[in-house]
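S.K.: Could you put the whole structure together from the sequences, leaning on the hints where they help?
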Amino acid sequence: MRRGSRRSRRRRARRARSSARPSAPKGSAPRTPRGWPRGTNRRSGSWPRRKTRIASSAEAAEQAKAQLDAAHAASAEAETGLTEAAEADTQARARAEAAEADLAQAETARAEAQGAEADARAIRSSVEGEAKALRAEVAGLARLVERSDDTGRQLIDLLKVEPGFEKALGAALGDDLKAPLVEARGATGWAELPGYDADQPLPEGAAPLASAVAAPGLLGRRIAQVGVVARDQGAALQARLMPGQRLVSREGDLWRWDGYRAGAEDAPSAAALRLEQVNRLAALRAELEVIEARLDDLSDLHAEAAATLEQAREAETRARAARRAAEAALSEAARGLSRAEGEKGRAQTRREAATEAMDRHEAEGRAGREALVEAEAAARDLDDLDAARDAVEQGRQLVEAARITMITRRSEADELRRNGEARARRSDTVARELDGWRQRAETARGRVGELTARRAETEAELERARSRPEAIFAERRTLDAGISEAEARRDAATEALRAAEGALADAQAAERAAERAASEARERRAASEARAEAARAAVTQAAERIAEVLETTPEALFETLDIGALALPPTDEVVWPASPSSSASATGLARSICAPKKTPPRSARSMTGWSAKRPISKRRSAPCAPASTASTAKGASGCLPPSRR
1 MRRGSRRSRR RRARRARSSA RPSAPKGSAP RTPRGWPRGT NRRSGSWPRR KTRIASSAEA
61 AEQAKAQLDA AHAASAEAET GLTEAAEADT QARARAEAAE ADLAQAETAR AEAQGAEADA
121 RAIRSSVEGE AKALRAEVAG LARLVERSDD TGRQLIDLLK VEPGFEKALG AALGDDLKAP
181 LVEARGATGW AELPGYDADQ PLPEGAAPLA SAVAAPGLLG RRIAQVGVVA RDQGAALQAR
241 LMPGQRLVSR EGDLWRWDGY RAGAEDAPSA AALRLEQVNR LAALRAELEV IEARLDDLSD
301 LHAEAAATLE QAREAETRAR AARRAAEAAL SEAARGLSRA EGEKGRAQTR REAATEAMDR
361 HEAEGRAGRE ALVEAEAAAR DLDDLDAARD AVEQGRQLVE AARITMITRR SEADELRRNG
421 EARARRSDTV ARELDGWRQR AETARGRVGE LTARRAETEA ELERARSRPE AIFAERRTLD
481 AGISEAEARR DAATEALRAA EGALADAQAA ERAAERAASE ARERRAASEA RAEAARAAVT
541 QAAERIAEVL ETTPEALFET LDIGALALPP TDEVVWPASP SSSASATGLA RSICAPKKTP
601 PRSARSMTGW SAKRPISKRR SAPCAPASTA STAKGASGCL PPSRR
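In terms of full-length UniProt numbering, the sequence shown opens at residue 1 and continues consecutively.
Read the hints as simulated data drawn from the structure, not as lab findings.
We treat Cβ as the ideally placed atom computed from N, Cα and C, and that holds for glycine.
Some hints could be false.
Computed spacing ranges between beta-carbons, pair by pair [to be verified]:
1. R432 to R366: 48 to 58 angstroms
2. A139 to G449: 47 to 57 angstroms
3. E511 to E128: 44 to 54 angstroms
4. A235 to R464: 50 to 60 angstroms
5. L497 to D232: 28 to 38 angstroms
6. R432 to R464: 21 to 31 angstroms
7. A306 to G420: 41 to 51 angstroms
8. E128 to E442: 41 to 51 angstroms
9. A235 to P469: 52 to 62 angstroms
10. E84 to A456: 43 to 53 angstroms
11. I123 to R280: 23 to 33 angstroms
12. R455 to L497: 55 to 65 angstroms
M.R.: In C-alpha cells form, the structure reads like this:
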C-alpha cells in the first residue's frame with residue numbers, strides 16, 4: 001500500500017507540474033530542451049543505456065545459446081557414456097555370473113578329484129600292505145630254502161613238481177631226494193644209468209607220477225615205477241605191484257611192492273616239506289609279481305589322481321580369482337554407471353539451465369525491444385523517468401529474485417527427480433545384486449552343508465585314526481609276541497632239525513655199515529652155499545663111488561669098518577671156516593673119501609666082496625663124477641682123473 005500511495009503522489013505531482021508549465025503556441029518552433037519539463041533530458045539520456053542493456057541482453061542470449069549447444073553436446077556425451085556404462089555393467093554382471101558358475105563347477109570337480117584321490121590312496125595303501133606281507137613271507141621262505149640248500153647240489157634241486165604232488169613225490173623217494181649227484185664210481189649219490197628197454201606196466205587205475213614231475217634222466221628208472229592213486233585205492237592195488245614198483249597218494253601215503261605200507265600221518269617227509277616250500281615260494285613270487293605290477297598301476301593311478309586333484313585345486317583357485325576380479329569389475333561398472341547417470345543428470349540440468357537462460361535472455365531482449373519502442377513512443381508522456389526507472393528496477397529485481405527462486409526450485413526438483421531415478425536404478429541394481437547374493441548364499445549353504453557332512457565324516461575318520469594307533473600297537477605287540485614265539489619255535493625246530501639231521505647222518509652211516517655187513521654176510525652165505533653144494537656133490541660122488549666099487553652104502557661101510565676114533569660130528573655141528581681155505585678143506589675131505597684104499601679092510605667078508613668085483617687098475621682109473629658135476633662143485637677137483645685135474 002505504501003508503494004501504491006507513493007505512485008499516486010508522484011502521479012499527482014506530475015499532473016500539477018504539467019498544468020503549471022506554459023504550452024507552446026501552434027506553429028511555433030519546438031522549444032529547446034532547456035524549456036522542456038524536468039526529466040525530459042533525463043529520459044532522453046536513459047535511452048542509450050536502455051539500448052546498451054538490450055544489446056547486452058542480446059549478447060547474453062547468444063552466450064546462453066552457445067552454452068545451450070555445449071549443454072546439448074555434454075548431454076549427448078553423457079547419454080553415450082551412460083549407454084556404455086550400462087553395457088559394461090551388463091557385461092560385468094554376465095562375467096560375474098559365469099565366474100560364479102565356473103567356481104561352482106571347479107569346486108565340484110575338486111571335490112570329485114579329492115574323493116578319487118582318497119580312494120586311490122586307500123586302495124594303494126591296502127595293496128602295499130599285501131605286498132609287504134608277501135615280501136616278508138617270500139623272504140622267510142627264501143631263507144628256509146637257502147638254509148636247506150647249504151649241503152651242496154642235491155637231486156631235489158633239479159626237480160620241478162606240480163602243486164599238490166609234493167607229498168606224493170616225497171613219499172615215493174623219501175630222503176633219497178637229498179642225495180647228491182655223483183659221477184665217480186664208489187661215491188654215495190645218484191649216478192645216471194641208461195633206461196630199461198621196456199618198463200613194467202603200472203596197475204590199472206594208477207597214473208604215472210612222472211607226468212607231474214619234471215626230473216632229470218637219471219631218475220627215470222625210479223620214477224617210472226611209481227604210480228599215483230586215490231587214497232582209498234592204494235591198498236587194493238598194492239597186491240598187483242611188480243617188483244620195484246610203488247604206489248603213492250597225493251596226501252603222502254606209500255604202498256610198496258614188497259608189502260610195506262607207510263601212512264601220510266606217520267611222519268611227513270622233509271623232502272616233501274621242502275618241495276612244498278619251494279612250490280609255495282614260486283607261487284608267492286608269482287603272486288608278488290602280480291601284486292607289484294598292480295601296485296605300480298595303482299601308484300600311477302594315484303599319481304594321476306593327485307595330479308588331477310592338484311589341477312582341480314589350481315582351477316578352483318583361478319575360478320575364485322576370476323570371480324573376485326569379476327565382482328571387482330562389476331562394482332567398478334556399477335560405480336561407472338552411477339557416475340554416468342550423475343553426469344547425465346548434471347548435463348541435463350546444465351542444458352535446462354542454459355535453455356532457461358537463453359529463453360530468459362531472448363524474452364528480456366524482446367521485452368527490452370518492445371519496452372524501447374514503447375518507451376520511445378511514450379517518452380513524451382512519461383513524467384518522472386527516475387521514478388519509473390526505480391519502479392522498473394524494483395520490479396526487475398523482484399522478477400529476477402522470483403526467477404532465481406524458480407530456477408533454484410526447478411534445479412532442486414530436477415535434482416530430486418534425478419536422485420529418485422538414480423535411486424530407482426540403484427534399487428534395481430541392489431535387487432539384482434541381492435538376488436545374486438541370495439543365490440550365492442543358497443549355494444554357500446549347500447556347500448556349508450556338504451562341508452559340514454564332510455567335516456563330520458573327517459572327524460569320524462579322525463577318531464577312528466586316533467584309536468587306530470592303539471589297535472596297531474596292540475596288534476604289533478601281539479605280532480611281536482607271535483614273532484618271538486615263532487622264532488622260538490623256529491630255533492627249537494632248527495635245533496630239532498640239526499639233531500634229526502645228525503641222527504639221520506648216524507642212521508645213514510649205520511645203514512651203510514649194515515649194508516656192508518649184509519653184503520659180507522651174503523658173500524659168506526654164497527661161499528657157504530657153494531661149499532655145502534660142493535660137500536653134497538662130494539658126498540654123492542663118494543656114495544656113488546662106494547656103491548660102484550664096494551657095492552654098499554656109506555652107512556653100511558662105516559658099520560663094517562672099525563673107525564670109531566674117526567667118527568664125524570653131526571652135520572649141523574660142523575662149523576666151516578669163513579676163509580678161502582674152506583674149499584681146500586672140502587677138497588681134501590672129498591679126496592680122503594674118494595681115494596682108493598691101499599690097505600684092505602680087516603673083515604674077510606668085506607675083503608672078499610671088495611676084491612671080487614673089480615680089478616685094482618680099473619678101480620683106480622674110474623672117475624669120481626662127471627665133468628659137469630665136478631666143475632660145478634668147487635673144491636671137489638680131487639675126484640677128477642689125473643688127465644683133468
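S.K.: Against each hint, give a clear statement of whether it holds in the structure.
M.R.: Here's how the hints hold up against the structure:
1. Between R432 and R366 the beta carbon distance is about 51 angstroms. The supplied range of 48 to 58 angstroms therefore holds.
2. The hint said 47 to 57 angstroms for the Cβ distance between A139 and G449, and at roughly 50 angstroms that hint holds.
3. For the hinted restraint 44 to 54 angstroms between E511 and E128, the CB-CB distance of approximately 51 angstroms keeps it satisfied.
4. The hint said 50 to 60 angstroms for the Cβ distance between A235 and R464, and at roughly 58 angstroms that hint holds.
5. For L497 and D232, the hinted distance range of 28 to 38 angstroms is satisfied, since their beta carbons lie about 33 angstroms from each other.
6. Taking 21 to 31 angstroms as the suggested C-beta distance range, the pair R432 and R464 does not conform, at roughly 47 angstroms.
7. Between A306 and G420 the CB atoms are about 58 angstroms apart, so this pair departs from the stated range of 41 to 51 angstroms.
8. The beta-carbon spacing between E128 and E442, approximately 43 angstroms, falls within the hinted interval of 41 to 51 angstroms.
9. Distance hint check for A235 and P469: the Cβ-Cβ separation is about 58 angstroms, which falls inside the suggested range of 52 to 62 angstroms.
10. For the hinted restraint 43 to 53 angstroms between E84 and A456, the CB-CB distance of approximately 51 angstroms keeps it satisfied.
11. For I123 paired with R280, a C-beta distance near 27 angstroms keeps the hint of 23 to 33 angstroms intact.
12. The given range of 55 to 65 angstroms is respected by R455 and L497, whose C-beta atoms sit roughly 58 angstroms from each other.
Hint check: violations occur at hints 6, 7; the rest are consistent with the structure.
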